[in-house]
Amino acid sequence: MTQLILFNVFNGLIVGAFYALMALGLSLILNLSGVINFAHGGFLALGAYIAYTLMPFTGFWGALVIAPVLTAIFGLIVERFLIRPLYGRDPLYSLLLTFGLAYVLEDGARYIWGAQSVPYPIPAALTTPLSTEYFFLTGYRLFMVALVGIAVGGLFFILNRTRLGMRIRAGTLDLETVSVLGVNVRILRNLNFGLGIYLAGLAGVLAAGMLGLQPTIGTSLIIPSFVAIIVGGLGSLPGTLLGGLLIGVASGLTTVFFPSATEAVMYVMMGLVLLVRPRGLLGEEGRIQ
Amino acid sequence: MNAALKDQQANAIVWALLLTMPWWMGAVGGYTELAIRVVVLGLAAMSLNFLLGFTGVLSFGHAAYFGLGAYGVGMTIKYLVASTPLGIVVGVATGALAAMIVGALIVKLRGVYFAMVTIAFGQVFFFIAFRWNEFTGGDDGLTGWKRQAIDLGFTKLDILGSDTLFYYFVLAVFAASVAVMAILIRSPFGRTLVAIRENERRARFLGIPVDQHIWISFVISCFFVSLAGTLYALLSNFTDPRALRWDQSGNFVIMAVLGGMRSFWGPLIGAAIFVVLQDWVSSHTENWMSVIGVFFMLIVLFFPRGVLGMLRRRATA
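In order, the protein sequences belong to chains W and U.
So for the first sequence, this note's numbering puts the first residue at 3; every next one is plus one.
So for the second sequence, this note's numbering puts the first residue at -13; every next one is plus one.
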């Protein structure tokens, strides 16, 4: 029993790490630009398929490095030509646009790579169980958790220690003042969008190795990421991280005791948070308006 | 020409077209079922627009209540009583009740956050329909039931046997619903909603309980969307989890935007264009998702005011 619980908690932690990686990217874009990027799941799938295509040439590790960067570059282009014209308009429009984009990305992936799930090979060194007792502790799973940890650490390093990150944080609070101080807000928003898409691409490459790669891979992760943002706290990136991990682990635990409620539990948590603390666990005051 | 007269003319044209639709639909290459779909989805989009266009609150989860209405009517007829009107009542009550609860949880949120939470909550009902196999039929949908003829005492309305009769039944429900919404929008309550849309802070300073008004508007909107959902299920004698998934919510929003959110009849026009386009595209290409997606993006980038918004702007320019 202990083993079963540990197994599911650990599983939940990994899924939660995906949610968190997705949700952090979504949060970055939402906080600075006020855009709900519905196509985030589409970018995730794109990252995974790019890695899949590159792998015969670059190997697993090369694809892991290059694919998220290519996805981010694609994200920069999308922001420049499709999303930028919509800043300053009702958020309804950017939501609808990314909604349409999500359709196009999913259908595009289906058109190019096929509707069937494709095998996504991971190096043999990573697939062997590390412990006979805790069979679920394969190298790949630990590796994923470690890599998500590094990515999150890197993100917070960028935000807290670099000029770009400082400007992103400042822009989140008051974009107008940042603009008046001589920062090119267009470029800032563009780079910030790219950073968010990079995280989605990375999540895609990692998720493909575990969940299998098919065109709908992103769709199943996008709505839990919204839940992660709401539970964790609006406007707070540490909150988003916490929210993602929390709902992941909660789903994992629920699988042990009440399997049919695996998905429902995160929505129950969201309802409770909204009831008790509408701005979310670590949310900033005044953000909900 | 003054505005009131113009409104009356517009109303007359819309009703004349709707009342005669079964006759000319065939002539322009359509069929009665398509006409019914236009009216039903038009009702859904107009209900959404009560909240979106006249209260200024963006909900991206209306498919949930549409689907609850659909499952409510289907499950009532299948498991409880073989009665169409009772099924409709149960379906609408289910949707409205869910909207009351969800609405109370989210009414403090605004703007993008409101939209995000409505999307997320919509997914709950999707999972219930998807997972609760024994009762909902899961992924395969709820089958094995049919809309029932309505007994009016003096005569029986055989809405199952005659598509045309069912069309007029749907149209009657549609007429009653939009009449109620039109009266509400013109009432002091509706004016208050528009005031909240235009300037929420000012409305609050005037002593208007804003959250309460938004909650009521949300519930009214979901009430009529559930009603549309029941009609949609009755139309095909079937419903499946896709009726309450987020892509359906997106379709309702695009219908409202496409027709013109700021006008009363706009969403109906948007629904008509969308339904006909979807019907045409899905019979001509497998990649209908891409076509619809590009369609979404083009509307947002080049046509954000919608059909009626453009016409009105041209008229005043």
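Derived from the structure by calculation, the hints contain no laboratory data.
Being a predicted model, the structure only gives us computed values, none of them experimental.
Possibly wrong hints are sitting among the right ones.
[What the hints assert, rightly or not] With the Cβ distance kept under 10 Å, some of the chain U side facing chain W (calculated, not the full set): (1) Trp118; (2) Ile240; (3) Leu287.
[Said to hold, decoys possible] Okay, derived cross-link-like pairs now, EDC-like style, lysine to aspartate or glutamate, Cα gap no bigger than 20 Å in a straight line: (4) U:Lys94 - W:Asp92; (5) U:Lys94 - W:Glu178; (6) U:Lys94 - W:Glu287; (7) U:Lys64 - U:Glu120; (8) U:Lys94 - U:Glu19; (9) U:Lys64 - U:Asp125; (10) U:Lys142 - U:Asp125; (11) U:Lys64 - U:Asp144; (12) U:Lys132 - U:Glu19.
[To be verified] Going by beta-carbon spacing under 7 Å, a handful of chain U positions derived as facing chain W: (13) Val14; (14) Tyr99; (15) Arg248.
Yeah, the Cβ is synthetic: ideal placement off N, Cα and C, and Gly gets one too.
Now the hints, each set against the structure:
1. Trp118: Nearest chain W Cβ about 8 Å off; hint holds.
2. Ile240: 6 Å, holds
3. Leu287: 6 Å, holds
4. U:Lys94 - W:Asp92: The given pair, whose Cα atoms are some 19 Å apart, holds under the 20 Å limit.
5. U:Lys94 - W:Glu178: 26 Å, violated
6. U:Lys94 - W:Glu287: Between Lys94 (chain U) and Glu287 (chain W) the Cα gap is close to 13 Å, so the pair holds against 20 Å.
7. U:Lys64 - U:Glu120: 13 Å, holds
8. U:Lys94 - U:Glu19: 40 Å, violated
9. U:Lys64 - U:Asp125: 17 Å, holds
10. U:Lys142 - U:Asp125: 35 Å, violated
11. U:Lys64 - U:Asp144: Roughly 18 Å between the alpha carbons, so the hint for Lys64 (chain U) and Asp144 (chain U) holds.
12. U:Lys132 - U:Glu19: 16 Å, holds
13. Val14: 27 Å, violated
14. Tyr99: 6 Å, holds
15. Arg248: 12 Å, violated
Hint check: violations occur at hints 5, 8, 10, 13, 15; the rest are consistent with the structure.
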